Structure formats: C-alpha cells, structure tokens
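Quick note, the sequences are listed as chains X and P, same order.
In terms of the working numbering, the first sequence is numbered consecutively and its last residue is 98.
In terms of the working numbering, the second sequence is numbered consecutively and its last residue is 402.
Simulated from the structure, these hints should not be mistaken for laboratory data.
Among the hints, erroneous ones may be present.
Unchecked claim - What follows is a set of in silico ranges between Cβ atoms, one per label pair, in the way DEER data are often shown: (1) X:THR58 <-> P:ALA365: 32 to 42 Å; (2) P:SER334 <-> X:ASP75: 57 to 67 Å; (3) P:GLU354 <-> X:ARG91: 18 to 28 Å; (4) P:GLU261 <-> X:ALA11: 25 to 35 Å; (5) P:ARG266 <-> X:GLU89: 50 to 60 Å; (6) P:SER344 <-> X:SER88: 18 to 28 Å; (7) P:GLY393 <-> X:ASP75: 45 to 55 Å; (8) X:ARG91 <-> P:ASN183: 16 to 26 Å; (9) P:GLU333 <-> X:ASP22: 25 to 35 Å; (10) P:GLN212 <-> X:ALA98: 46 to 56 Å; (11) P:ILE361 <-> X:ALA79: 29 to 39 Å; (12) X:ARG62 <-> P:HIS209: 50 to 60 Å.
As the list claims (entries may be wrong) - Just a few of them, taken from the derived set where beta-carbon distance is under 8 Å, the chain X residues facing chain P: (13) PHE10; (14) ARG18; (15) TRP20; (16) ASN21; (17) GLU23; (18) VAL25; (19) ASP29; (20) GLY32; (21) THR34; (22) HIS36; (23) ALA68.
Just so we're clear, the structure is a prediction, and the values are computed from it rather than from any experiment.
Don't be surprised by glycine CBs; every beta carbon is placed ideally from N, CA and C.
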Amino acid sequence: MSRDPLWRPFAPDAVASRSWNDELVVYNDVTGSTHHLGVLGSAVMTTLLLHPTGIAQTALVRGIADDAGVVADGDLAAAVERALADLSELRLATAVPA
Amino acid sequence: MIVADLSAGELRRRLTGPGLRIRVGPVAAEIRSSFDAVQAGLALHYAAHDVLTAGDFADFRVSVERPLGVRRWFAPQALFRFDGNSMFTPLPAAQAFPLLEWGLNWCVSTHCHQYIVIHAAVLERNGRALLLPAPPGSGKSTLCAALVARGWRLLSDELALVELTGRRIVPFPRPISLKNRSIDTVARFWPDAAIGAVVPDTLKGSVAHVRPPVDSVRRGDEAATPGWVVLPRYESGATTRISELSKAEAFMRLVESAFNYDIHGRAGFEALAELVDASACHAFTYGGALDEAVGMFDRFAQAA
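Could you build all of it, start to finish, from the sequences and the hints given here?
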C-alpha cells in the first residue's frame, strides 16, 4: 500500500447518514446495518462522503485537524488510521488501489 | 356500535361463534374464544371499541382456545391461534386474557409493516407524541398509566406505530399492561382506574390490565406528530431526574427497540431520523414518585 493511500466511501450511493451535533448515524445499504459513529469516526466519514472519488490519508488528517482547530500530529494520524480501519471493516470506507 | 352495546349473551355468541370483530386503531381483529376470562377481559377493556360487522375486513383472525388432550381435565390450558395456526406453546387457562393481549402484540409487530413498529409506550398532549421506548422492567407502563391518569392521551402502552414518513405516530389504544408491584402502585395513584383481574404466575410475574380511557379509544384515528423521545428507567428509591440525550443515541435506541426496522432498509432509517429530528430527546430516571414524574412531563408539554 502507498505511504499516503487514497480513501473513499465504500459505496457512496449506498450510504444514508444523519448528523446531530458531532455525532453521525449511518445506514449502509451494502450490509443493511446501521452505525452510530463517535466524534472522530463521524469526522472521517463526513470527509469521505465529501470526496466520493477519494482523498489522500494525509489530506484527510489535515482537514480534520483544521476543522477541529488542533495540530495534525502523529497521535491524530494514528487515530484516523484506526478509524479508517474500523470504517473499512464496516464496509463504509475503502482504500483506492494505487 | 361499540362492545359495551353488546349484551353478555351476544358477546358470548359472537366469541364462540362467528367471532367478535373490533377495530383497534388502524387494525381490525376478529376474536374467538370460549374462555369466560377472555369474554370478561374484552367486556371490560375493550368496552369503547367499535364493533365491526361480519362483512368488514379483518386484518387478524385470532382465537384463544382450549387445546385437546388429557390436560384439559387436569391442568387446563389456553392456546393462541392466528389464522388457525398456533405458534406459541399453550399457557395455563388462567392466563387466557393476557395470552390474547400478547398474541395481538405479536400479530401487529410481525405483520404491520406499513409502519415501523417500536416497542414503546406513546402518549399525546397538544397534538405531540411522547415516545417511551424501553425494555421490560424500566417502569414504562407504570409511567404510561400515571400520565394517562393525569390526562395524557394514550396512543399505546406497548407498540408505537410510526408512519414511514417518520412524521406521524398512529394510535393503537389497548389496555395498559401492568406487572407485579406496579399494579398496586397504579391502583393507589389512579383510584378510578378500571383494572382487570390480577393473573398470577405468568412468565412476567403477576399481570393485570388497565382499561384505556374512552377518549383515547374514540380518537383512535387521530395520529400525533413527534414531540419527545424519552428513555425511562425505574430505580427503586431514586430521585426523579431528567437529562438531555444525544439524538444519535436516541436514534440508536429506537432502532434497537423496533421490531421491523431491518425490513424497511433505508426507508426505515430515514423515517426514524425524521422522527428524532423532530423530537426533543431525554433520559429519565424515577424512583416511584409518580406525581413528580408526571409534573415533569406536564412542564414539557406546556413549554412546547
């Protein structure tokens, strides 16, 4: 995998979502499952939905840091990576093959 | 014509013959039974419900029967049938009326897919619905009965019928089911309540039903718009308290409490999201101070 992989929603048209404050609930047509995402998961998923063709992981981390008014440090990058792995497992996100 | 217009003899004739057809909110049910307890239960709890004619369509044809076999002489039982089929094990004959109620709940929660059916009590004030989704033991029905006693309209004690737009909740006014200590609690709080026979030793303990108010039954076709989603929790001795609940958490609780959410797919998601969008969401804990609890909900209604 590239050192800066591109991520996109697993199937953008298959996702319905609703956001209240910082939390997102998501329905995934692919699996028929509904998920309640925490603050970081919501931020990652919302950003992916704004980039249906894909966004680089570093750009994703930077965007989330800017929105939250925090520094895009290694801890945030690691947390985003874990969130992406979780979303990938839920078939909400996928890495775009290089 | 309503059930109270039927003489005891005519009610028995219908129950043991062609069936008693009644309307309960959006549902028409045809009921047969030879049990005295079923007849008494229907006469008390469904007195204000409309009687339908033999030519009217029945959504559900149900019966509570005496199964054949030697047990009928030694330990009589009651068997619930839906369209002639039995899907539950028989229960002791003394539980015939609760069995009818549980069976009707099953019919609606497994067949009324024109709605999202949620395990929740629903009440109404000023056109707005208060949803109380909660697992058994949370004090939902006790709270529901207390609110009804103080003038809230009963839409349902057990099943919230949410239209697929998410913007209306349809009444399903039937008896309020009380268990164990809540029977005495409600009897003390609401001395005028028409409470039926206490049936001991069911799987849920002792159960008794409270007759729905006539006004709630007569307004059985008057839907309400979402107002509040409140998760109640009874804790012995706890002080009454209410706190804001995140809408996302309230949404997930509705999903978990829905019988047929999965069937509706994305439409179900959108409907419940609409409902939550339009509702104030809270968690509520009480320890038995029903006056205080009802006062809190009355203030909600006034502030809306």
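Hints the structure fails to honour: 2, 5, 8, 13, 23
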